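When you get a sec, could you build the whole thing from the sequences and use the hints?
Same order as they appear, the protein sequences are chains A and B.
Going by our numbering, the first residue of the first sequence is number 1, and it counts up by one from there.
Going by our numbering, the first residue of the second sequence is number 266, and it counts up by one from there.
Keep in mind that the hints were calculated from the coordinates and are not lab data.
Fair warning: there could be bad hints in the mix.
Under the rule of at most 25 angstroms between Cα atoms (straight-line distance), these lysine-lysine pairs were calculated in the PhoX-like manner [as the list claims (entries may be wrong)]:
1) A:Lys-197 <-> A:Lys-145
2) B:Lys-503 <-> A:Lys-145
3) A:Lys-116 <-> B:Lys-503
Incomplete in silico selection of chain A near chain B, CB under 10 angstroms [unchecked claim]:
4) Lys-77
5) Thr-93
6) Ala-104
7) Ile-112
8) Ala-177
9) Ser-252
All values derive from a computational prediction rather than experimental measurement.
Built from N, CA and C at the ideal position, the CB exists for glycine as well.
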Amino acid sequence: MLDIVGVEKTFNPGTINEKKALNGITLHLDEGDFVTVIGGNGAGKSTMLNMIAGVYPVDCGSIVIDGVDVTRLPEYKRAKYLGRVFQDPMTGTAADMQIEENLALAARRGKIRGLKAGITAKERREFRELLTMLDLGLEDRLTAKVGLLSGGQRQALTLLMATLSKPKVLLLDEHTAALDPKTAKKVLDITEEIVGKNNLATIMITHNMADAIRVGNRLIMMHDGRIVVDVKGEEKKKLTIEQLLKMFEASSGSEFTSDKVMLSK
Amino acid sequence: MNIITQLLNALPGSISQGLIWGIMAIGVYLTYRILDIADLTVDGSFATGGVVAVVLILNGCNLWLAMLLAFVSGILVGVITGLLNILLGIPHILAGILTQLALYSINLKILGKANQSVNVNKTELLISLRWVRDFAFHNPLITVGIVLALLIGILYWFFGTEMGCAIRATGANLNMSRAQGINTNFNKVLGIMLSNGLVAFSGAFLAQFQGFADVKMGQGAIVIALAAVIIGEALFGKIFKNFALRLLSVAFGSIIYYIVIQTVVTLGFDANLLKLLSAAIVAIFLGIPHLKKQYDQNHIRKYKGGRSDA
Chain A
1 MLDIVGVEKT FNPGTINEKK ALNGITLHLD EGDFVTVIGG NGAGKSTMLN MIAGVYPVDC
61 GSIVIDGVDV TRLPEYKRAK YLGRVFQDPM TGTAADMQIE ENLALAARRG KIRGLKAGIT
121 AKERREFREL LTMLDLGLED RLTAKVGLLS GGQRQALTLL MATLSKPKVL LLDEHTAALD
181 PKTAKKVLDI TEEIVGKNNL ATIMITHNMA DAIRVGNRLI MMHDGRIVVD VKGEEKKKLT
241 IEQLLKMFEA SSGSEFTSDK VMLSK
Chain B
266 MNIITQLLNA LPGSISQGLI WGIMAIGVYL TYRILDIADL TVDGSFATGG VVAVVLILNG
326 CNLWLAMLLA FVSGILVGVI TGLLNILLGI PHILAGILTQ LALYSINLKI LGKANQSVNV
386 NKTELLISLR WVRDFAFHNP LITVGIVLAL LIGILYWFFG TEMGCAIRAT GANLNMSRAQ
446 GINTNFNKVL GIMLSNGLVA FSGAFLAQFQ GFADVKMGQG AIVIALAAVI IGEALFGKIF
506 KNFALRLLSV AFGSIIYYIV IQTVVTLGFD ANLLKLLSAA IVAIFLGIPH LKKQYDQNHI
566 RKYKGGRSDA
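Next up, the structure:
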């Protein structure tokens with residue numbers, strides 16, 4: 001479903017701020033793979049997602065989504081294959097537009113936008129049903145401006161938008177990090193439900209080790225622009241946080257440091 | 266009493282002028298409010314619309330066809346500003362200023378001289394200041410009023426389509442738009458094109474209304490348009506929420522602007538200072554949100570309630 005081969009990226013090359021963000025990333029995801037990603041500050045987690053999404057071009061390597069080489073495609077063309085939720089709840093939705101307008105925009109991802117109605121009555125009914133499933137009380141506020149919603153509601157809405165027209169790969173960039181613990185759990189529950197129901201290949205960056213171990217069928221750890229730990233299936237299910245930290249130290253030669261990683265629940 | 270009679274006499278002319286500039290202000294609203302871009306191209310494209318229409322009319326072109334071609338000339342101008350921005354990465358404001366400067370030469374070339382009159386006695390025109398009291402279709406109040414209503418209807422429909430929604434999304438949130446597969450560069454150019462098309466169309470009306478085209482007729486047009494947008498929002502923002510009504514409020518803003526200008530001139534205000542007045546009005550209204558914040562910050566009240574452990 002997703003094939004990343006030898007991707008490298010250096011920011012500000014040749015300057016004093018030169019930063020090698022990705023140092024030869026190779027990663028393969030099958031359909032239905034749910035990968036959680038952890039790593040310290042500057043490990044390259046977000047950069048990896050941004051490379052897949054096409055926010056900036058890669059320096060070398062290739063990215064293939066479902067057999068289509070997207071390495072040279074601009075961000076908006078890759079969007080056809082990708083669903084994305086960002087860390088900042090403000091990023092994924094248009095605050096000045098209505099809930100239903102945001103959803104209608106997302107429903108047309110990857111399609112040509114012509115002079116047909118921007119939203120149809122049939123869609124409104126579908127959106128209402130989908131929002132009812134979120135159980136956040138949004139189903140009766142279809143015409144409310146998204147700017148009026150809380151961070152958690154906006155993230156849940158973004159998640160719905162990201163998966164409204166089924167993506168090949170779902171990219172979640174610490175999408176619960178800006179939320180309070182209770183809301184974060186709710187959004188994560190919704191995430192698991194949507195991913196499971198659609199059998200989506202998913203990459204989720206998280207700062208919560210316990211979540212990283214519990215959620216998904218595969219876990220990777222990044223350090224200095226490389227994938228240093230990659231555990232799958234049964235092995236992943238049995239992991240403990242202590243083991244994970246030891247694996248990290250063994251493979252990276254340093255202690256796991258991050259200013260926001262949560263070691264416990 | 267004399268002044269009131271004078272004001273009432275001038276009212277149809279002021280309202281007509283307000284309606285014509287209302288079309289222009291709606292064009293600016295599209296970039297300034299919907300795309301969140303301050304596009305200064307409009308000072309040039311307004312004159313382009315005027316000179317294109319006058320040259321065509323003097324050469325015997327069908328009047329409505331001349332209006333359409335003026336609109337198209339504005340669209341072409343918009344393409345230039347848009348491409349300067351997205352292909353060369355020149356910031357919006359600077360791209361607009363460059364196009365506007367270049368247009369001064371182009372407008373001169375189209376017109377052949379700095380200004381050209383179209384005499385309503387010799388040439389057939391769609392509207393003219395002379396007809397503001399006529400009870401007929403060619404009265405500018407009626408012609409421009411109908412056209413303005415049609416334009417608002419068309420824009421309301423367009424911004425409800427998939428394409429129009431994509432333009433609105435581009436202005437609302439670039440990151441989100443790209444993540445949802447919207448070509449934000451294309452949509453910016455499309456919005457700037459549409460905006461300048463309307464501005465040039467308005468310029469074509471004004472040239473006929475005043476009976477001449479002048480290569481300087483767009484000077485400061487952006488300020489008048491912003492005044493119209495701001496007045497419209499300040500007076501009707503609370504009650505007009507629907508998109509069509511918000512466009513209507515911009516047109517109302519423009520009409521009110523011209524009635525106010527007419528009034529201060531009638532009351533003896535030095536007409537040479539009008540542009541200073543316009544700029545001051547716009548500066549004050551643009552500054553109000555900032556001033557309000559400053560005021561609030563300087564007036565945080567002390568907590569006066571009692572505390573049990575104090």
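Hint check:
| no. | hint | result |
| --- | --- | --- |
| 1 | A:Lys-197 <-> A:Lys-145 | 28 angstroms, violated |
| 2 | B:Lys-503 <-> A:Lys-145 | 15 angstroms, holds |
| 3 | A:Lys-116 <-> B:Lys-503 | 30 angstroms, violated |
| 4 | Lys-77 | 7 angstroms, holds |
| 5 | Thr-93 | 6 angstroms, holds |
| 6 | Ala-104 | 7 angstroms, holds |
| 7 | Ile-112 | 8 angstroms, holds |
| 8 | Ala-177 | 17 angstroms, violated |
| 9 | Ser-252 | 32 angstroms, violated |
In terms of the numbered hints stated before, the structure departs from hints 1, 3, 8, 9, listed from lowest to highest.
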